[in-house]
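> Make a model of the complete structure from these sequences and hints.
Quick note on the numbering used here: the sequence shown kicks off at 19 and runs consecutively.
Keep in mind that the hints were calculated from the coordinates and are not lab data.
Ideal Cβ placement from N, Cα and C applies to all residues, glycine included.
One or more hints might be untrue.
Stated by the list, open to error - When the alpha-carbon atoms are kept at most 27 Å apart in a straight line, the in silico DSSO-like pairs for lysine-lysine are as follows:
1) Lys206 - Lys57
2) Lys140 - Lys57
3) Lys215 - Lys202
4) Lys215 - Lys57
5) Lys49 - Lys206
6) Lys57 - Lys241
7) Lys241 - Lys44
Claimed, not checked - Pair by pair, the computed Cβ-Cβ distance ranges are:
8) Glu46 - Asn217: 49 to 57 Å
9) Asn217 - Gly93: 27 to 35 Å
10) Ala118 - Lys202: 17 to 25 Å
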Amino acid sequence: MAVSEENRWMVLTQNLSKTYLVDTGKVEVLKDLTIAIPKATFAVLCGPSGSGKTTLLNIISGIDRPSSGELFVAGQPLVGQNEDFLSDFRCSHVGFVFQAYNLVSTLTVAENIAFPMEWQRKPPSEIEERTLELIRMVGLEHRETHFPAQLSGGEQQRVAFARALANDPELILADEPTGNLDVKNAEKILQVLHLLKENGKTVLVSTHDLQIRALADQVIALKDGQLASPDE
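Next comes the structure, spelled out in structure tokens:
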């Protein structure tokens, strides 16, 4: 796959590897992954625990760095970029929904959602309008002034989705978004994912949830840090 083709894809990795050094030696978490996710694709990342799914999401988002290989996201090369570039790139182009939610405990629902827009110094009126739009989208109008500790796990996850969408990113990454939720709250997250797919967003979700997998245009399976058959 030629590097000149990078602009055809939302995510393009070439021979991507990640190795950690530990007391007992080296641990290869990802091994020579070459993956291409087209724009406006709903992709699912699956595989057993420890297969490297979260590490791959962290690298694609620029939170972590690969040990070797190439990575292009939204046409931009991320390998070798400094932290300032990666932080700005994430805020502008990538929305990340963490499995642990990662909400700021001292901020209300509205303030958590507004935070990425404030980071980009958008006009206050635009921030307010977009925040209210997202609160309505995830069905949390009655929780606008509440703090994360006052919310259920499902409500926190919906706030995390709204925050990830604040700057209208090209790519949304979600790590096991329904993994810790009951059936009712998982269904609400599924509705949000449906909406993102219908709106033509590029979405990459790490999940074991068969309902989410049913949305997939593309399934990427990992096993022991390598690409595997989705049916394994």
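> Straight-line Cα separation of Lys140 and Lys57 no greater than 27 Å?
26 Å, holds
> Taking the CB of Ala118 and the CB of Lys202, does the distance hold inside 17 to 25 Å?
20 Å, holds
> Does the structure keep Lys241 and Lys44 at a Cα separation of 27 Å or less?
18 Å, holds
> Taking the CB of Asn217 and the CB of Gly93, does the distance hold inside 27 to 35 Å?
For Gly93 against Asn217, whose Cβ atoms are near 20 Å apart, the range 27 to 35 Å is violated.
> Just to be careful, I want the Cα atoms of Lys206 and Lys57 compared with a cutoff of 27 Å; is the pair within it?
25 Å, holds
> Below or equal to 27 Å on CA atoms is what counts here, so check Lys215 against Lys202.
20 Å, holds
> For the range 49 to 57 Å, tell me whether the beta carbons of Glu46 and Asn217 fit it or not.
37 Å, violated
> Given the hinted pair Lys57 and Lys241, is their alpha-carbon gap at most 27 Å?
25 Å, holds
> Are the Cα atoms of Lys49 and Lys206 separated by 27 Å or less?
35 Å, violated
> Under the criterion that the straight-line Cα-Cα distance not exceed 27 Å, is the pair Lys215, Lys57 satisfied?
11 Å, holds
Hint check: violations occur at hints 5, 8 and 9; the rest are consistent with the structure.
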